[in-house]
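Enquirer: Chains U and R, in that order, are what the protein sequence lines are. Throughout the first sequence, residue numbering follows this note's numbering, covering 1 to 185 in sequence. Throughout the second sequence, residue numbering follows this note's numbering, covering 186 to 590 in sequence.
Calculated directly from the structure, the hints in this document are not laboratory data. Every residue gets a Cβ at the ideal spot worked out from N, C-alpha and C, and that includes glycine. Some clues are possibly wrong.
Claimed, not checked - List time: in silico DSSO-like cross-link candidates among lysine-lysine, alpha-carbon distance up to 30 Å:
| no. | chain 1 | residue 1 | chain 2 | residue 2 |
| --- | --- | --- | --- | --- |
| 1 | U | K63 | R | K480 |
| 2 | U | K92 | R | K429 |
| 3 | U | K164 | U | K106 |
| 4 | R | K380 | R | K429 |
| 5 | U | K155 | R | K233 |
| 6 | R | K429 | U | K164 |
Said to hold, decoys possible - Some chain U residues close to chain R (C-beta under 10 Å, calculated; not the full set):
| no. | residue |
| --- | --- |
| 7 | G44 |
| 8 | H61 |
| 9 | S146 |
Chain by chain, the residues:
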Amino acid sequence: MLEIRWHSRAGQGAVTGAKGLADVVANTGKYVQAFAFYGSAKRGAAMTAYNRVDEEPILNHEKYMRPDYVLVIDPGLTYTADITANEKENTKYIITTHLSKEELIKAQPKLEGKEVYVVDCMQISLDTIGRAIPNTPMLGALMKVSGMFELDYFKEAMKKVLSKFPQKIIDANMAAIERAYNEVK
Amino acid sequence: MAKKYELNELEVWDGNMAAAQALRQADVDVLAAYPITPSTPIVQNYSKFLADGYVDGDFIMVESEHSAMSGCVAASAAGVRAATATSSQGFALMVEVLYQASGMRLPIVLTVVNRALAAPLNVNGDHSDMYLGRDSGWIQLCSYNPQEAYDLTLMAFKIGEDLNVRLPVMVHQDGFICSHTAQNVYPLQDEEAAKFIGEFKPVNTMLDVANPVTHGVQTEEDWHFEHKARQHNDLMNSFSTIKKVFDEFKDLTGREYDFVYKYKMDDADVAIFALGTTVESARIAADQMREQGIKAGVISLRVFRPFPFNEVAEALKDVKAVATLDRSAPGGTFGALYNEVSAALLAHGKNPVMLNYIYGLGGRDTTIDMLKEVYKELDECAKAGEAKYPLQQFLGLRGPKLAFY
């Protein structure tokens with residue numbers, strides 16, 4: 001079972017990102033789950049979203065998760081949210097930031113000694129999509145770090161997930177995915 | 186004529202989308218609804234289907250859930266297929282009209298996304314609303330994941346509208362844990378679903394002016410009792426139709442449903458009896474206990490009302506200790522599952538150790554570890570042949586331990 005936790009602010013698209021990923025993965029014959037903690041959260045409130053992926057039907061409905069990947073799509077949450085909660089020894093962190101990895105670890109010392117990757121999903125989404133919607137670039141970064149799918153395969157699959165949107169938005173998202181794939185370090 | 190909705194063989198839907206798609210495929214004539222978290226997306230998705238041309242029926246936006254169910258009652262009495270969706274406070278506001286719907290023998294379908302009842306206000310999942318409806322005279326079907334929410338919503342129409350039943354049907358799913366959790370769902374194509382459910386068969390329609398009828402009459406003591414007894418009789422006898430529909434659905438899809446859901450119960454010494462998503466989580470806990478040599482099983486109800494009294498007793502006949510997990514504050518007694526399962530066992534001459542755990546209120550997470558703890562306590566009781574723990578406990582409660590009896 002592969003488990004992923006997203007840290008996001010309500011409105012940044014973590015739920016859409018998690019569901020998009022689930023859609024792509026399910027169509028490769030795997031079983032998926034995508035969910036989020038909502039409460040009565042308003043736009044801008046810190047929130048978490050989750051993915052589970054397995055070869056077998058997923059029966060586990062507990063919210064508790066020991067993630068293989070932690071995806072932080074809002075830069076501020078690295079400091080204010082408990083992003084290392086219930087981590088495993090080999091949990092991988094992909095964090096949205098304009099800082100270098102060294103600068104980030106210096107600013108948030110609890111990431112010291114962990115497998116950390118950085119990518120500026122905010123800037124990428126502003127440059128490509130024109131809005132601060134960092135979810136699709138994060139998926140591009142995840143593809144690079146996890147090796148889950150080849151970039152081209154993933155982009156084709158995401159085009160189907162996004163098919164209800166105008167072509168311009170699909171193209172912008174493809175550019176965002178590709179840039180994050182290439183820029184994540 | 187509604188447009189055909191292109192569905193893939195595999196969709197990734199949350200429970201709300203699954204229920205909304207089933208309502209769309211059921212070709213509902215009148216959907217009267219008022220949105221409430223966490224069932225809002227059912228109504229929202231449905232209204233989008235309508236706006237996009239995928240629905241032929243009418244969608245009535247009303248000012249409250251009381252009006253939503255009243256609209257369904259009126260439409261159903263007028264002679265067409267009616268359905269709606271709700272949760273929690275909205276369900277509570279509907280209660281008066283739920284009894285009208287069942288008493289008037291109107292086969293309305295209500296998709297219920299289960300959520301806690303205030304106070305304190307809470308939008309998350311528990312079974313307070315499901316339990317609130319348990320004496321309302323409706324058939325209540327329980328799902329544990331989005332696929333089942335979809336399947337049971339389709340089947341609900343066929344069961345309720347059967348001429349031997351003619352009763353309203355609720356389909357339950359857990360708020361957020363099912364309703365907002367996207368999983369693999371294998372839907373039927375529109376024409377297959379429509380063929381399976383069949384055409385609506387009007388009975389005693391108000392708009393048939395050549396054959397005038399009255400609905401919602403006053404009876405007082407001369408006929409009220411006979412009426413309610415007949416209604417109960419038909420609800421109790423609905424098992425045969427439910428079975429028939431489950432069998433037809435299995436022939437169509439390969440997916441099997443029964444009144445009682447059992448997992449590794451054949452040789453189980455200890456069993457967790459729960460409803461909703463917890464049933465599936467408990468399967469994982471049971472498998473892990475079996476690795477430790479404890480013969481653990483899981484049992485649940487697919488049909489909460491009518492209650493499958495004999496089947497429950499049969500499934501538990503060789504079990505030494507049973508934990509009923511009730512996800513609703515029982516208000517001064519044991520949880521409903523505890524009372525009903527105990528009665529079924531006693532009537533069949535069985536007397537295993539019975540423990541009651543109140544859990545998961547207001548969406549409190551139910552972890553695999555918690556469920557394993559229940560199995561460990563059951564195992565101690567089974568080995569001792571007596572209750573080694575208080576009969577009623579709270580699972581996952583913070584602060585001082587609370588227990589009764």
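Enquirer: Each hint should be assessed against the structure and marked as holding or not.
Expert: Here is what the structure says about each hint:
1. K63/U <-> K480/R: holds, 26 Å
2. K92/U <-> K429/R: The given pair, whose Cα atoms are some 51 Å apart, is violated under the 30 Å limit.
3. K164/U <-> K106/U: violated, 42 Å
4. K380/R <-> K429/R: The given pair, whose Cα atoms are some 16 Å apart, holds under the 30 Å limit.
5. K155/U <-> K233/R: Status holds; Cα separation ~27 Å.
6. K429/R <-> K164/U: violated, 40 Å
7. G44: violated, 18 Å
8. H61: For H61/U, the interface hint holds, since the closest Cβ of chain R sits about 4 Å away, which is under 10 Å.
9. S146: Violated. Min distance 19 Å.
Of the hints listed earlier, those the structure fails to meet are numbers 2, 3, 6, 7 and 9, in rising order.
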